[in-house]
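Colleague: Letter by letter, the chains look like this.
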Amino acid sequence: MAETTADAADAPHDAHDAPSRRDFIYVAAGAVGAVGTIAAIWPLIDQMNPAADTRAMATTEIDLAALQEGQQIVATWQGKPVFVRHRTAAEIAAARRDDYAPLKDPATDASRLVQADGKPGNPAFLVLQASCTHLGCVPTFAAGDYRGWMCPCHGSHYDTSGRIRRGPAPLNLAVAPYVYLTETSIRIG
Amino acid sequence: MSGPSTYQPKNGFTRWLDARLPVMRLVHDSFVAYPTPRNLNYWWTFGAILSFCLAVQIVTGIILAMHYVGHVDLAFASVQRIDRDVPYGWLIQNIHSVGASMFFLAVYIHMFRGLYYGSYKAPREILWILGCIIYLLMVATAFLGYSLPWGQMSFWAATVITNLIGALPVVGESIKNWLMGGFAIDNPTLTRFFSLHYLLPFVIAGVVILHIWALHVSGQNNPAGVDPKDESDTVPFTPHATMKDLFALTVFLILFAIFVFYMPDSLGHPDNYIPANPVVTPPHIVPEWYLLPFYAILRAIDFNVGPIDSKLGGVILMFASIAILFVLPWLDTSKIRSMRYRPVARQFFLIFVAVCIALGWCGQMNPSYSMFTAGEFRAGLHWVEGGQSIQRAVTAESERRAGATFEEAAEAMKAEGAQIVMVDRSSPTDATLTAISGGQLREAELTAHSLDELEAQIAERKAALGAAGVPYVEIERNLPFEFTVTRFAQILTAYYFLFFLVILPLLGLRETPGRVPETIAKSIRGAA
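Chains as they are written, first to last, in the working numbering: chain A, 21 to 209; chain B, 180 to 707.
Chain A on its own, in the form it takes in the complex:
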């Protein structure tokens, strides 16, 4: 700065202590340049985010009529697998009986059936994201200690409400956001 501030007209004070107008212009220009650079880089970073067509595939509709009691289907929603399970009366009873058992991630069965709009769900149909909360494997249907699901990767056992009961997974299987369109069809997402 010493050279540029040597001009007495620009530097009314002592050139070495006080910032001059030229210093201010340098800093201001630098700041504008930095903002401009960030603005120019942003599109290069943001392009990696989910594209419009990917986001457009964000809902999936499922017809429940074909799903028999005791069966489950694995649907895909946003490219991820989703379990839709038609539970038997015994499975529903088993899930409710353990509502207040010692759970790693406490939740009642009813709270896991609530639809995305807040209305209570039908206990017969459980809609869950099919991704083990440990490291994202797809658990096996009707396996494990509680006959809910068991993850084959590292042995996490889930009950018939999809709650974690034994194994390394930290959380219950996540509920997929769904709403009933009619008595026998739902929309996920």
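Hints were generated in silico from the structure; no laboratory data involved.
No residue lacks a Cβ here, since even glycine has one placed at the ideal position from N, Cα and C.
Mixed in with the good hints there might be a few duds.
Estimated spans, in silico, between C-beta atoms of each pair [as the list claims (entries may be wrong)]: (1) B:Thr512 - A:Val134: 54 to 62 Å; (2) B:Leu529 - A:Ile58: 45 to 53 Å; (3) B:Ala646 - A:Ala71: 48 to 56 Å.
Could you slot chain B onto chain A? The hints should help.
Modeller: Then chain B, alone, in the frame of chain A:
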């Protein structure tokens, strides 16, 4: 280290070129006249082997990219086409996939060499850090490349690794979706992985140039760890090091060729010959062998530490295990480079090598696999045949008191003559107690060799009793101490970090080093 240039242009053209772009001088000073310590052993040949590996991966990779199709529907088939239909495609693809393993084999030897002979100590800190950066880039490149064939292991490895990033608090999910380009591993992920897999090797090549530059400034370390005193302690790079490196490379290539020609798939996983399927997980997801130790560290954390859950804890430790290498030059307090003269440190080093290998073993095992158990898994079952049931509703004052209240009520009912009492909780503070009195109390003892086996037996027995009209079974589990792979991995992980954070810093201050022989401490001719 290399001193003033000794390059002499031989003819008119090289004199003309040297005055304009002294590239011949650079090559001469770096790879011909460059003085290397006389006492280098064969562990010092891996630098050249690694340069060769990088060149092989880049050349075969560029060729494979001419035939590979980066699309989820076509990628798997295109790799099969390379293997079956493209002229010599089988050879080039095998060299590329086996080459990745060979690259890592060589880099691990190179790194352990550096650790043993203290090649990270002053003045080679930057050299070491550049090496760590190259290693990190290699891991990233290998991971990206492994996902390209789009087999089951490719897909699920990508899923597991991106889920690790999702473990970060608050921003994890957004970063994960940003990396994947969607809400799951899909075509946008594959195409960007391909693009980056093509890019990173060239970044590695750039850092390798810096690595060699730093090496040629500080000079090579040597097995004695004592800097060459004068020119008589060194020999020119060419022909001495060039020929020795070429010989070592030839031996290395024999191993390389054995894998390429006789067992190209032995280092991979058979499940990667199944096309990727997003709704079916392979029974056992494992990374390639060279990443197994880190996978073991990741899974070793199966407990929460305060606000850090087990998953995030594992992720932090896994990254820390590599990050710690970057600060190693300042953790090791010993001024002596070579462990030849550090007898105690040498023992700890050998344990460290064994620990890294054992971590690799843990990485490919099922983490809940029992290495040994102190006794059997037992469960006592009690039930009543016949008898009458009485139900009683109990309400506890508060949620906190609920457990104790129900237990007291159950004891009271037992005192009144109930054989067994079952508690069904219907809300946080309410429960229905069912007591069965009269009838015949039956019991059974189940034993098994694993928890899974025991739970299966219990479930089976309960189902049988339920069918026979016995609704309530009391179960008392008696589990022995179990030493699982996870426990083993925890001990190994602890040693891994202790070695860097405690053993090396303390040892350097306390140990009595071995004496460096006169013949090494002084230069060969200088001693006379």
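Colleague: Determine which of the earlier numbered hints do not hold for this structure and return their numbers in increasing order.
Modeller: none
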